[in-house]
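Student: Each chain is listed here by its residues.
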Amino acid sequence: MIDGGMGKMGRIFQLAAILFAGILCARSACAGTIPKDPFNSPMWGWVFEGILNEGQVVFDDHVKVVAPDSAEGNFQVPISVRVEGLDDIQEILLIVDLNPIQKAARFVPLRARPYFALRVKMGQASVIRAAALTKDGVWHIGGKYVDASGGGCTVPSVAISSGANWETNLNNVQAQVWPQKNGVDRIRARIIHPMDTGLSGNIPAFFMERLSIRDANGAELARLETFEPVSEDPVITLEVKGEVSGGGYSITGIDNNGNEINAWVERASKS
Amino acid sequence: MKGPLYLFTIMICLLASAPGRSESLSYNLKPVKVAKDTYVFQGSREHFSLENGGNIVNTGFIVTNEGVVVIDTGPSARYGYEMHSAINEVTPLPIIRVIITHHHPDHFLGNQAFSDVPIWALPETIAAVRAEGDAMSENLYRLVGDWMLGTEVIVPNNSVNRSGESIGDHRLRYIALQGHDKADLAILDETTGILFAGDQAFMDRAPTTPHADIAKWLESLDELENIDFYLMIPGHGPVIGDAEAVRQTREYLVWLVKTLEDAADRGSEMTEVMNLPIPEKFARLASVKEEYRRSVHHLWPEIVRRKLPKAIDRRND
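As they're listed, the protein sequences go chains W and X.
Each residue of the first sequence is one higher than the one before, counting from 1 in this note's numbering.
Each residue of the second sequence is one higher than the one before, counting from 272 in this note's numbering.
Hints in this document: simulated from the structure, not taken from any laboratory.
Just so you know, not all the hints are guaranteed correct.
[To be verified] Keeping only pairs whose Cα atoms sit at most 25 Å apart, straight-line, the calculated PhoX-like set for lysine-lysine is: (1) 64(W) to 560(X); (2) 241(W) to 581(X); (3) 560(X) to 144(W).
The shape of chain W in the complex, shown without the other chains (with noise of 0.2 Å):
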């Protein structure tokens, strides 16, 4: 009796064992080996297929990710990313591994160094990787393990300044430049934003998407687009090559639901 239903159960088992692997095969697998993740994470293949496109990928140390060891809320994690001895960046993309969205901050550097600092809110405790794409069209990865677990008299974070008035704040922003010595001028920029995930109560996805540094003419000179993952009232740092012309630069974006972010800055802006 045993026996028999063991031997039924079991080929049907191997059947639909048989066929699941061939799906997985067909999926990554047979078609290009998912490539060991020096970090381990257990999101790795899915982030590979899923957010790399099943691209050429290589782990590299000229990708700096500086995160804390350990966060002490997991609503403003800050980190920076910066690719030094890599020519031509074409896109950094931040990505959180164990958030239930992955996808953090597409940034295009275009007139920009390959270089931005934000926060994001973590679920738990993640890799956080940054996958920067050279012409070449290989994605140079690097990242970093953040324990997410909280330290501490952590308690939940609360709106800090968006708080009751977010509404007539919304978009709102707050920045300014520092010139430095080489010709860089890093821009600190901060907009009143809720970034609602979406996956809290009956709050609706609400975020802002887009943020791009503009000069005086109007050419785009970095571009960063932002995910849900990214912290309230969203803080970025980036760093323009210099040779700019109209003495300032303009902050333009927009938010998921539309709304305009528009505002400029003076080079020589003091505070």
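Chain X: place on chain W using the hints.
Tutor: For chain X alone, kept in the frame of chain W given last:
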């Protein structure tokens, strides 16, 4: 070894070696007599860990001739019960009062052991425990594990609404302060000159800032420094005979704020600020590296909000 037995053996080994295995856990609390009728349970100067079980805090008690007044109850029910037993070994007098200095989890989560006596705290502290106690308790479970088993939040049930009172043969002065937490209570035993400073003052240990308002804290430290006392029991770190803990705390906080504000003026971003070097004179404070980074998390977003100038709005051009 056969499969199941092999697995079973591994499980037993894992259980036996797991840190924080509940039956064998003990804080081994030993009351230290620091003055007449006055005892302190001195914790380590570390951050929360599986090894210390959250015993990073100083708690204490005063033996009056009518009964015992307990000041803060530690990080867990287990700590509270151990405290209770240790007090019973010092005196046959009953415990008649608990006073909680502020709403951080290492100071009140032992309340369960004293749930049969009135637990006093400032009104803001009571409200804060009610609002955030569970979240804090959960977080401490994550940080110290099994030491917390059975711990539940007991909200203090009596407001400290007076400037002092006599309990038995001791006269206590209640000093309501602010800035380390939403409300901080310091207690001066005028009979012995012992000042329980709570977490207003840290000695040889980096101050913590999760609910800090530094400007208010600095004002409170001035008030604390002007009090005449014989010995100060800081919330963390050794007991001392002068106001050195107040001075250390002030010096660190002033440096902390200036460091962050200067960094904001230079255009630094948050990861750069977190990795700034800590000056030699603060490097000797226990846990300073972790606490500095935690403080950047707590304080930086607000400094950026305050310091970044408004850009020119062109939406209506």
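Student: If a hint holds in the structure, say so; if it doesn't, say that too.
Tutor: Hint-by-hint comparison with the structure:
{"no.": "1", "hint": "64(W) to 560(X)", "in the structure": "holds, 22 Å"}
{"no.": "2", "hint": "241(W) to 581(X)", "in the structure": "holds, 23 Å"}
{"no.": "3", "hint": "560(X) to 144(W)", "in the structure": "holds, 19 Å"}
Checked against the numbered hints listed earlier, the structure breaks none of them; every hint is satisfied.
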